[in-house]
Amino acid sequence: MSLFTFLKRDADKHTVLSSGHVVPDPARCVQCGICSYNCPIGIDVRAHAWRGEPVVHSQCLTCGECVARCPRGVLRFEKTDLFVKGDA
Amino acid sequence: MKYVIVGFGVAGIAAIEAIRSVHPSPAGGGDGGGVEIVLVGDDPHGFYSRPGLAYFLTGELHDKALYPRTANDFKRLNFNTVRGRVTRIVRDQHTLEIEGKPPLTYDRLLLAVGAQAMPMKVPGAELDGVFKLDHMEDAKRILARIRRGKTVVVVGGGITALELVEGFVSHNMKVNYLLRGDRYWSSVLDEQESKIVEHRLQEEGVKLHYHSEITEVTGKHGRVNGVRLQDGKILKCDLVAYAIGIRPRVDLAKQAGLSIDRGILVNEYMQTDDPDIFAAGDVAQAYDPTTGTSIMDSLWAPARQQGRAAGLNMAGKKTAYVKSAPFNVTRLAGLTTTIIGTVGRGRDDDLVGIARGDSETWRQLPEAIVAQTGFDVNRLRLLVGEKTLLGAIVMGDQKLSFPLEKIISGNVDISPIRGKLLASNAKVGDIVADFWTSYQSAVVG
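Heads up: the protein sequence lines correspond to chains A and B, in order. Here our numbering is used: the first residue of the first sequence is 1, the next is one more, and so on. Here our numbering is used: the first residue of the second sequence is 89, the next is one more, and so on.
No wet-lab data here; the hints were simulated from the structure. Every residue, glycine too, gets a C-beta built ideally from N, C-alpha and C. Among these hints, one or two may not hold up.
In silico BS3-like pairs for lysine-lysine, Cα to Cα no more than 27 Å straight-line [said to hold, decoys possible]: (1) LYS487(B) / LYS79(A); (2) LYS295(B) / LYS228(B); (3) LYS79(A) / LYS494(B); (4) LYS508(B) / LYS475(B); (5) LYS90(B) / LYS189(B); (6) LYS90(B) / LYS406(B).
Taking CB as the label site, the calculated pair distances span [what the hints assert, rightly or not]: (7) GLU474(B) / GLY52(A): 31 to 41 Å; (8) ASP226(B) / ARG76(A): 31 to 41 Å; (9) ASN313(B) / CYS60(A): 45 to 55 Å; (10) ASP522(B) / ALA68(A): 20 to 30 Å.
Sequences are here, hints too, so could you generate the full structure?
In structure tokens form, the structure reads like this:
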């Protein structure tokens with residue numbers, strides 16, 4: 001991997017993190033609560049997963065803890081194009 | 089109208105939510121619709137995430153985190169709870185008899201009582217130190233006895249047995265895992281996949297014993313001190329844990345004279361042969377109009393969907409339960425694994441019937457050709473039918489599991505890539521990824 005690709009990938013990741021939100025796939029979720037348990041600001045991510053709603057929460061840091069810890073791949077980041085135009 | 093739900097699991101909770109979606113409670117903005125809902129159950133811990141017990145065992149979670157609902161959430165759904173064991177259904181009087189409680193009448197009844205672990209039937213199985221993993225209580229009992237450096241013997245197959253193994257490993261116990269056959273979960277995984285899991289277990293320090301069967305649990309002063317194997321060999325240990333399959337709790341329904349096969353037989357509206365009694369979840373054997381068969385699943389998502397369908401039908405909103413491709417994501421020896429649709433066949437020596445986190449559909453493989461890629465930890469196996477994908481196992485990298493879930497459950501026509509998938513040395517993953525990208529843009533237009 002070239003340095004450019006590496007940096008581009010890293011930049012893309014940060015763009016998604018800052019401009020996206022966490023989206024659940026309820027069919028995968030077993031409501032174990034690891035997501036809510038690990039959320040640093042105490043958002044009940046699990047409740048969003050039950051309702052199948054994206055975590056649109058003013059305080060969400062999009063830190064990725066819940067996405068990384070979910071043992072069943074329920075959560076993913078999805079980019080919202082509210083603030084970013086073009087192909088970021 | 090009085091609805092009684094038996095069982096604290098996800099099917100029961102989903103049914104209550106569904107009934108309240110038709111008849112909102114005052115807290116939900118309605119007048120309650122003159123509807124009374126009673127939830128009866130015998131699990132002292134109420135509603136919690138049963139699959140989450142695996143992560144409680146490994147120490148990734150505190151037990152208190154396993155409860156998805158607060159008292160306030162329940163208040164909003166406006167139902168009463170009765171804690172107790174239902175001993176009899178008196179159908180002609182529309183009444184339930186409950187141990188130590190007054191009888192309870194119902195207009196519509198839902199049986200969502202789940203399943204329980206098959207008992208291990210060998211001498212010594214009743215000794216102190218022999219465990220199963222059905223409930224929160226079992227998990228707490230196990231954790232109370234876990235000690236670093238002590239030895240445990242795990243018996244069984246499927247997901248629960250591995251959850252036990254992983255739980256003990258994470259607490260630095262010496263784990264002996266006994267398999268009756270020559271590989272792990274042979275009814276669902278292929279040889280390569282079994283080997284990947286076994287190899288990872290060995291790397292974690294688990295000692296695998298193939299072709300091994302317990303004939304006796306030995307003990308001293310009522311406590312486990314070892315197991316005797318069929319060849320007479322004794323394995324010394326401090327604990328024994330088993331997961332050899334589950335049995336739907338059909339006793340109540342059987343006594344009430346409802347139709348039963350392996351589970352309680354229900355039509356696509358989750359209705360038993362008594363029009364006022366419904367069943368959902370692990371105890372139900374649901375009719376699938378598309379295949380004409382009645383299949384058991386022991387999975388969280390179908391239990392929730394069945395509970396929801398049952399609740400809507402009980403409340404008079406006719407809704408068929410549409411079975412989707414059975415799907416589970418689990419960790420096998422730390423490796424995230426997604427199982428979709430039909431993937432395996434045959435029997436498993438380590439399991440009696442179905443296991444938790446299992447679906448009978450996975451074993452009913454019609455004629456299909458296998459396309460596979462990757463022979464390390466990132467492995468992808470596809471079951472390629474005439475025009476559709478019938479199933480998939482995705483181990484490790486999960487990028488493709490989401491598209492595959494949609495392609496399989498949506499019966500998407502894969503004719504354009506079928507030939508490519510089946511070519512020798514095909515880059516199966518790339519082909520699926522490209523197909524999914526173009527399929528999506530075609531659908532979105």
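Checked hints:
{"no.": "1", "hint": "LYS487(B) / LYS79(A)", "result": "16 Å, holds"}
{"no.": "2", "hint": "LYS295(B) / LYS228(B)", "result": "25 Å, holds"}
{"no.": "3", "hint": "LYS79(A) / LYS494(B)", "result": "20 Å, holds"}
{"no.": "4", "hint": "LYS508(B) / LYS475(B)", "result": "13 Å, holds"}
{"no.": "5", "hint": "LYS90(B) / LYS189(B)", "result": "18 Å, holds"}
{"no.": "6", "hint": "LYS90(B) / LYS406(B)", "result": "18 Å, holds"}
{"no.": "7", "hint": "GLU474(B) / GLY52(A): 31 to 41 Å", "result": "33 Å, holds"}
{"no.": "8", "hint": "ASP226(B) / ARG76(A): 31 to 41 Å", "result": "33 Å, holds"}
{"no.": "9", "hint": "ASN313(B) / CYS60(A): 45 to 55 Å", "result": "52 Å, holds"}
{"no.": "10", "hint": "ASP522(B) / ALA68(A): 20 to 30 Å", "result": "27 Å, holds"}
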